[in-house]
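Q: Chains as they are written, first to last, in the working numbering: chain A, 33 to 556; chain B, 37 to 373; chain C, 37 to 373; chain D, 39 to 391.
In short, the hints are calculated from the structure, not lab data. Model, not experiment: these values are computed from the prediction. Do not rely on the hints blindly, as some may be mistaken.
To be verified - Some residues of chain B that are not near chain D, with every Cβ distance over 12 Å (derived):
1. LEU79
2. HIS233
3. LEU279
4. PRO288
Unchecked claim - The calculated label-pair distances, taken between Cβ atoms and stated as ranges, are:
5. A:GLU529 with C:ASP258: 38 to 44 Å
6. B:GLY312 with A:ALA363: 37 to 43 Å
7. C:GLY212 with A:ALA363: 56 to 62 Å
All C-beta atoms in this analysis are idealised placements derived from N, C-alpha and C, irrespective of residue type, glycine included.
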Amino acid sequence: MTAAGLAVDHGAGGTPALRLAGATMAFGGVTVLRDAAIGIGRGEIRALVGKNGSGKSTLIKILSGYHRPQPGAVLEIAGRSYEFPIRPERLRAAGLSFIHQDLGLVPEASVLDNVLVGRFAGGRVAPIGWRGERERVRRVLARFELDVPLDRPVRLLSPVERAFVAIARGFIDAEAQGGVLVLDEPTAFLPQEDVGRLFQAIRGLAASGQAILYVSHRLDEILDLTHTVTVLRDGNIVHDDVTANLTEDQLVRHILGEDVRTFYPALAAAKAEPALAVDGLSGRGVADVSFALKKGEILGVSGLAGAGWETLPYLLSGATPARAGTIRTEAGRTDAAALRPDRARRLGIALLPADRQKASGAQALSLRENASLPVLGRYFRRGLMRRGAERAATAELLRNFQVRPAIPEAPLRTLSGGNQQKLLLGKWIQTKPGVLVLHEPTQGVDVGSKQDIFRKIEEIAASGVAVILASAESEDLARLCHRVLVLRRGAVAGILEGDQLSETAINDLSFRGHGAGGAAGGTQ
Amino acid sequence: MTDDTIAIGRPTGGTFAFARGLLDFERYGLVYVWLLLILAFSLFVPSFFRLSTFQIILGSQATQIIVTLAVVVALLGGEFDLSVANVVAVAGTATVTLNTDFGWPIGITLVAVLAAAIAFGALNAFVSVAVGVPSIITTLGSGTLLMGLSTGWAGSAPRGGVDGGFVALASAPIFGLPLSIYTTFAIGIALYYVLEHTPLGRAFVFAGQNAEVARLAGIRVDRLRAASLVWSAVFSALAGILLVGITGASVPAVASGYLLPAFAGAFLGSTVIRPGRFNVPGVFVAIYFLVTGVTGLQLLGYTGWVNDVFYGASLVIAVLLTQIVARRRRNRALAGG
Amino acid sequence: MTDDTIAIGRPTGGTFAFARGLLDFERYGLVYVWLLLILAFSLFVPSFFRLSTFQIILGSQATQIIVTLAVVVALLGGEFDLSVANVVAVAGTATVTLNTDFGWPIGITLVAVLAAAIAFGALNAFVSVAVGVPSIITTLGSGTLLMGLSTGWAGSAPRGGVDGGFVALASAPIFGLPLSIYTTFAIGIALYYVLEHTPLGRAFVFAGQNAEVARLAGIRVDRLRAASLVWSAVFSALAGILLVGITGASVPAVASGYLLPAFAGAFLGSTVIRPGRFNVPGVFVAIYFLVTGVTGLQLLGYTGWVNDVFYGASLVIAVLLTQIVARRRRNRALAGG
Amino acid sequence: DDAATARAAAEAAKIVEAHRGTPEFWAPPAFDSTPARGKTVWWISDYKTNILKQWALQGETAAAEAGLKFHLYDGGGSVPEQVRGFELAIAAKADAIVLGTGYPAVAFTAQVAQAKAAGIPVFSINSHPLGPDAPPRVDGHVADISYDYPAAGRLLADWFVADSGGKGHVLLVDITGLPSAGWTLDGFRAETKRLGVPVTISEAATSLGPSVQTDLANLAGTSLLRDPSIGYIIPPFDDFALFIQTGLSQAGASGAKVKTAGFNAVLTQVGNLKRGGTQLAIDLGGPNQWFSYAVIDNVLRVLSGQPAIHDYRIGYKVFDHENTQSIDATREVATDWYGVDYGARFKELWGAK
Ligand SMILES: Nc1ncnc2c1ncn2[C@@H]1O[C@H](COP(=O)(O)OP(=O)(O)OP(=O)(O)O)[C@@H](O)[C@H]1O
Ligand SMILES: Nc1ncnc2c1ncn2[C@@H]1O[C@H](COP(=O)(O)OP(=O)(O)OP(=O)(O)O)[C@@H](O)[C@H]1O
Ligand SMILES: [Mg+2]
Ligand SMILES: [Mg+2]
């Protein structure tokens, strides 16, 4: 579906639902958004795209009242103009609702609180009508076929469930207020089959007259879902167009400012020596999984949500204790049940977790401190940490992985989402592991960087490292991996390789016996 | 640890939920330990199982519970308020001084003291929230400052002579318990209601758990943090006033006795009813558990260090037990799932 | 509130980096306030600017600094150790009792006391880390327990009579300062070295910031947390032993005086040198800043409640000033960019 | 003039000398204590303060000797805990309550009134000036049993005047929050005035709180910086003198020439005197056994229908390095330290046959 068939109401005809102009934002002297302007009409779904760190989330945080832009910014919502700084609840009252990048959930708080706090019906100290409120949340969650206990702390949910909780909050606001719904990379945590449900809901909202601002790095989504596109590059708006007028290649060119064709690096052949043997691995959501991996081989791991492939990386690296099984690498052999992260590291297994908020970095510490954590010993010479060497190595790593801004002493939290991901990948690759386990390594990463990351993965595999790539992106897996292991209901459904290996084959194997798209989004 | 890395399929809901809920050792562990303690004392301590004992146990904690609630309110707001005990002391001193030396009627005195408490809490809030000084420093500093000023103003000797009607009112017995303890329960229930059952309270707890995220979710975190410090001061002042009502006098030196028990109560309370979260009913359970043990021992004639040993050991062991039992059950559930 | 978006565009390295670094008000604000205070006192208080004043200021904080470092070690490990003051007291009591009543030679006594401190720290670690009871409850409980047991064993009276040679050694003057203060500086420097310049220390600090990430990086976070509690106990015991060396006696009752100043020092220290992070040099600056002010006032003849007022006010105002100035400079930098 | 000063110093020295031996026992009137036999006294104490605990434990012995049932309650330093002590005592139908925490009865006005309503007399210790009408009067409060603090202050002043030849410079440190400290210092000032000697008196204060140890130690050091002519520091109790000693030893050479002294004769300090080598020059003691027996005597008296006594005229002894050589400084035994078995003397009065 494209914009052509829809009655989009913007421009001169009616008042736009949202208009932001002259938005400039600087952090510590670095301007990350320059005189940005964006407008969305009722019923319009507008994409906001750009490289990592181009300023998308910053623009959104200005809209949400979280950041205060420099003087001169103009904001109009449904024809009414607002003066910055604006308090968040005023913006919400005016009809803006948000689904923030990295979700913006409080892990200790319950599902119910996460969805509803700040939006309960009634006065501030009036009793909460629990029954009605629960029903309200259950209804929104049900729309995404999610059935989780409302009192469960969000930290106990799976990433997919968490994503839907955040989405539910945005939808509750949008439905209550009408106006504009802003989604910042909502699908980063969602497998393909759940994206469909989200899109259906978004289209429903748009059809009812809502304006939608949608941020994503997945170009197929942009082309499929949105009517119009705004492209940010280095803080400047460089293009604004109707989506239907653009091809994927053109879009990429606008985003990157250069002509880059989607490509996957050529695969070097795997070596003969075994790198990893997993035997009878059982644990949370996984039963009796066995496979082997050669040096230099890239093994994809995939399946439907909840099929067990998401926990496999954690079982393999000892982050989640396994129940049974053995794991053997070049460095030794161990009982999977006794495997802990420190043991795994000694076996040469390194893990890049998908969950950036919780498990990937210390947000308050510097890039240098985050990057050198697994290799601190390298900089310890003659009784002192060689901070100069450490800083140089970090700078090198930042350059190598195109992390921007490349300031080793900046706190991690000042990096944009995609740049954090690149840094963390670099952090693990520098440890020169025997087996590198990656869980959604390109999540939230722009198209250009995605290719860089693929190249890095290919390079490291070519150097003899065995790579396990757990991802729901079946196209990427089909093109990048030597073999792909598909899990279904916790067991191995099959291993695809050579000619059998294709995107459709992965999907078929994942779905077989379920009926297309019907699986529940929850855990096992 | 690793238990929270993955969503686990713990069954919830269902018909037996309520009964199963009561058996939830993680939530009610301390309550059971407490009941056991009462049972043991009732069996083995002759003078324990009497109405008067329970009346005294209930009645004697009126002020300590309020101070503990003050600490809990601050903690829920994400703040450490170390000035609570000083506010108790100074509120008491001010009440007596204004009422006797200055001859202000008791009503006006109380209003003035509470207004001063609000001002003090607002000062804490300004320094901690608006300027961004960690509240643990702010309140340690402002508490010491307050105490010093009060000593300079009204001296450090205990003072009596406060309005007799006020004292009579505070200790007026209703069903054998002094009015003061009803005040405490009223405050506790009101706070429970606000925190658990109003939009404001939910936002407050939510913001205290993760200010940054709450701000993204559109909550005015700074206001709530400020409010937590103001309310903490107000509650402490109420406790000070109540103490004057109970004893008929102000004792500036009381300050030091309230602080640690209040934190102990708040944290011990966070292991029951709503494990892992500071909560109002938990405070009541925790404080009454501790005082039950101490009272029983006192009735047995143990004093001094035995009390310390009991207090310390029971604090550790009670929590240890509930944790171990809860963990075992969790593991069993996991293994089964 | 976007003020925490610091520093990213700040140029690093370069020739003027060092000088510019010293002008960094956020990092050195309290140092400047301290220097200003010294300057003011030197100008206006006749007897202030003398070697002997500085000797007293330096020498008097030997034990308080060690206790504060104990608190900092625990805080860096993500733990709250409320038992430090009790350990100071009990270590002192045990040292005197073993040395006098039991007649153990002072060397063996000290080894025994430190071994007991390790055992106590290990108990805290077991309960907090292995079982998962929040350390603030564990240490509140275990500290009270320890104190009770100690009172039961050796009474609560001050006790003297400890080995004269030990006392002489602790107060042996080197360049006009007692040996005790050199001990404190040695401990401070060693701790600074380990935390800042060894992989272990770096891993420790990281684990305190984000345990899960550290764990996934193969760091045995539980061990480090346990170590933080053990070292906290050991440092506290060292302070207790040193105190016996300085006074020649143990005074169980006054140990509680160490707790709040230690937390004040730790948190005030976290606003300097490495703002936002507990750090060793910050502790020294914080504690000496506070004692400088009190000393100056005493030299001016102000004692009693005026001291409390100053202590409280300076705690708040010093941090307030550095925060406000740092913020203003940041905003100016922002506007200029 | 010098001659008058020398005369005054000699007078002071004589007073001190007279107190280096056994204090004379003042016997209150004897009475028949049978009506009080078997009655129960609750003693609310605060074990966190060592001397309060010592008095309570001596009181327990005295009560046993007097045929009273004794219930010891430790209220710590906490006011609500002490309130509970009153309530438990009243609920347990105690016959008398001793508020043994050093707080004046006024701190528990309401509880004392409740006790009175229940017919229970309340006594307190060391918290009011001597005499039947000592303020603050509280309804239901029968008597305060106390040392004569001004007298102790006078004796300390006599020692100071004698030791310094009437020309010394003393720093008096008030401990705010501890009224008896003020009374003692009042006695000190009055005595120097009476003697009419040209001594110099400086004043300082610190509050009774958790940081009193470090506060006093710092105060000692800085006072000397401020005025190096200070030769004496009176805190005025000897357990505080211990902290002054710490400060003096930290002050190095300037601290070495300063003397300190105090009242109470606690074990540690008597031990320090006996060993010598600290800044503590003398320690003034009032027999703790005498004191605790006096408390029980008063309770027994009132429960037997006798009038209460408001001044037990407890005697004092000055301890110094010489006269401590012959005593056992590892535990306080009245006969050894003061030369009298006060318990036996009291028992004689109670008609205990
Ligand atoms: N709090 C902050 N302090 C300093 N710099 C920041 C802060 N937040 C963002 N930045 C910087 O602003 C720039 C834009 O970041 P933003 O998060 O808007 O990027 P983005 O377009 O959303 O990228 P991504 O696709 O990776 O999410 C980046 O260079 C980032 O490092
Ligand atoms: N983690 C840190 N964050 C911020 N500043 C730091 C940190 N560690 C040290 N510094 C400061 O940086 C300055 C430079 O010292 P540092 O030893 O790091 O540099 P170096 O001499 O280049 O390293 P090396 O010689 O050890 O290789 C010092 O003033 C130090 O206090
Ligand atoms: Mg972003
Ligand atoms: Mg260096």
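Q: Each hint should be assessed against the structure and marked as holding or not.
A: Outcome of the hint check:
1. Non-interface status of LEU79 (chain B) relative to chain D is upheld: no Cβ of that chain comes within 12 Å, the nearest being about 19 Å off.
2. Listed as a non-interface residue, HIS233 (chain B) keeps its Cβ farther than 12 Å from every Cβ of chain D; the least gap is roughly 30 Å.
3. For LEU279 (chain B), the shortest C-beta to C-beta distance to chain D comes to about 7 Å, within the 12 Å cut-off, and the non-interface label is violated.
4. Under the 12 Å C-beta cut-off, the non-interface status given to PRO288 (chain B) relative to chain D is violated; the minimum distance is some 7 Å.
5. Between GLU529 (chain A) and ASP258 (chain C) the beta carbons are some 41 Å apart, a value that agrees with the proposed interval 38 to 44 Å.
6. Distance hint for GLY312 (chain B) and ALA363 (chain A): a CB-CB separation of about 38 Å, consistent with the stated range 37 to 43 Å.
7. Between GLY212 (chain C) and ALA363 (chain A) the C-beta distance comes to about 58 Å, which sits within the given range of 56 to 62 Å.
The structure does not agree with the numbered hints 3, 4 stated previously, though it agrees with the rest.
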